[in-house]
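These protein sequences, in sequence, are chains Z and E. Mapping of the first sequence onto our numbering: position 52 corresponds to residue 52, and the numbering continues sequentially without gaps. Mapping of the second sequence onto our numbering: position 99 corresponds to residue 99, and the numbering continues sequentially without gaps.
The following label-pair restraints were derived from C-beta to C-beta distances:
#1 E:V34 / Z:G22: 30 to 36 Å
#2 E:M1 / Z:S142: 18 to 24 Å
#3 Z:P45 / E:Q62: 29 to 35 Å
#4 E:N2 / Z:E147: 32 to 38 Å
#5 E:Q62 / Z:S142: 48 to 54 Å
#6 E:A226 / Z:R58: 33 to 39 Å
For the record, the hints were derived by calculation from the structure and aren't laboratory data. Glycine residues also receive a C-beta, built at the ideal position from the N, C-alpha and C atoms.
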Amino acid sequence: MPGSTPSQTVGPFFAFGLPFEGGERLVERDGIWIAGAVYDGAGEPVNDALVELWQANRAGRYDHPEDTREELPLEDGFVGFGRCATDEQGAFGFYTVKPGATAPHAPHINVIVLARGLLRHLFTRIYFPDEEAANAGDPLLSSIEDEAVRETLIARADGGGLRFDIHLQGERQTAFLDV
Amino acid sequence: MNGYRRDPEGTHPAYLTPEYRSTRLRAPDRPLIVLPHGLSEITGPVYGHERMGRLDHDLTRQHAGEPLGERITVSGRVLDGDGRPVRRALVEIWQCNAAGRYAHRVDRHPAPLDPNFTGAGRCLTDDDGRYRFVTIKPGAYPWGNHENAWRPAHIHFSLFGSAFATRLVTQMYFPGDPLFAYDPIFQSVRDPGARDRLVAAFDLERTEPEWALGYRWDIVLRGRDATPTED
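Looking at chain E on its own, in the form it has when it is part of the complex (with noise of 0.2 Å):
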């Protein structure tokens, strides 16, 4: 069988980066140990159709009224790293409200809740490995990790791909964030061509007149082992 490969460093943060100060008793002190790939890291969960609502890929129908904020959608692909699509992906979405507050019970920014929005979402990609999102465009907040920290406004993706190993969970940005440069998490990712691949496009094409902004965002998860393993 053949597993999948290793990102080239600098792709993903180090455990420890201690600018973010919740990684400094989190991050694990001891090498990882390397697993070579077998039945357990190929494998994952499945999804179907039948387990999706027709309305779960729109948070801006989940409740009576609209929510407040600048409606836009989020597509784009899930691809594996030869570009294939990655079909029937799984993919889960959360994020704040427009005005920067989560509708989380620990969430304590003096900003208001909206009681028409609150911020999950998920779909399945399709054959092409498409996904689409119809959402609002979250606020920035601030989070105390060090003197006038503010996040970048950002949308929480989840994806598992076709095994446990391609497990994905990560953050998508907006271009042109003023904020980027104060973030210790987006800055985390030290390679800057990898970072760059955090931050969606804004795209004419899928603006819709009279309605919503459009992002596009494409998603690569690993890619195989052209050899197969050991196991």
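One chain only, chain Z, in its complex shape (with noise of 0.2 Å):
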């Protein structure tokens, strides 16, 4: 068997490669703004950081042939994937739409985080702060003991939106996983 190519840095020279037009706009309109900042372990911003969403579509159903749950809907135009580069302040921000609960998971979005000084990526989840119930059951958020660490996955509501900041190291670390 072949083993795998190895990962190595994104690097800091990406702009003009991964980001496109669009990239954090998952739906045209009925949405919600997700927004946030990403931190180095000194608590500065990181500007040069990417960061990919990947998410069903409301009913739940994932835009991939292995989603085979012919009961829920695909929405015309839904992919689930977003992109966007932090800017100078370390900001990024997507428009999307909660994603439908797959039991017994409760809705979240998968993320992705690229860096310079990141030799790998990073996974983490944005969960929603208005699904107590579901999130309480959820198999990952319930496998946290830390109650700390948990909150790291749980976007807050701000504004009309959301906030979700991405602490890379130190005290405040988001929870990060091993996909």
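Put the two chains together into one complex; each comes in its own frame, and the hints tell you how they fit.
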């Protein structure tokens, strides 16, 4: 069996290669803004990170051949993938919809973080603050004993949208996943 | 459903690799939480041919004139860990120009920009997992990580494969580069066999007479678990 090709950092110069027009807009209308910033271990903003989202649609269906749940509708034009580079303040933002739940999992958005200084990308998830009951039954959230760590995966309400900050290192480090 | 296998220790770099200075404040210091694969991990974005431009794979034809430098082709196959082709997989690349300068506002290396070279391309693999790019050989460049630090020539690659779990962002290097021994990013892959998989091979068969040198590089993404996950 051939061995996997190793990972290498995305480096600081991907801005002319990876981001694409409209990459931060997963829907055109009736969405919510999920905004945040990426911070390093010294609390400084990371202005050369790339954040990617992968999510199910409102019904909880992934637009992918291995999601064979035909009873859940696909939505025309909704792919469920987003990509946004951070700005000078380390900030990113996505306009999207809350995905439906896929029991026993609470509604969540899958996240990849890439940056200079990350030799492998990081996986995390965004959960929703208005889904307390579903979050309580979610296999990943309920496997995390430390409440402060668990809370790093739950976005918080912020004005009309949601806020989700990503801390790469330190006391406030986001819970990252070994996928 | 079946998840994806975890790669053997040493295949990928450790997050904290102090010789590569930027990892010191960016590597997570708490252990990652092991996540069994479910639908969220075994699905991922799927691309269609309708979204590819005809010349997206040819970085030498994106401007009015031809870029300076050594014209090359880089081609190979995208395979899974069982040697099967990964079909219709998106492959994105970006690189600096022949002088070692990126078309990026924060690249301060005092080498010339090339008005005929941006350095970004993409393509989809075919039914045999094959991809091919036409470009110019990127230059080495200094990067300030340590005294007299130079990156070996490389092309950045980004792939999804068929699932979010098989996402791979990496760099392809050129054979015999004297800078390998001094580069903490290349050396961050501790297993020498795995490290060799980052290096393309020169291929006379793929070299086109009077036109371009051919380099061959196969990319292997994680393989599938033989047994279903608990999800």
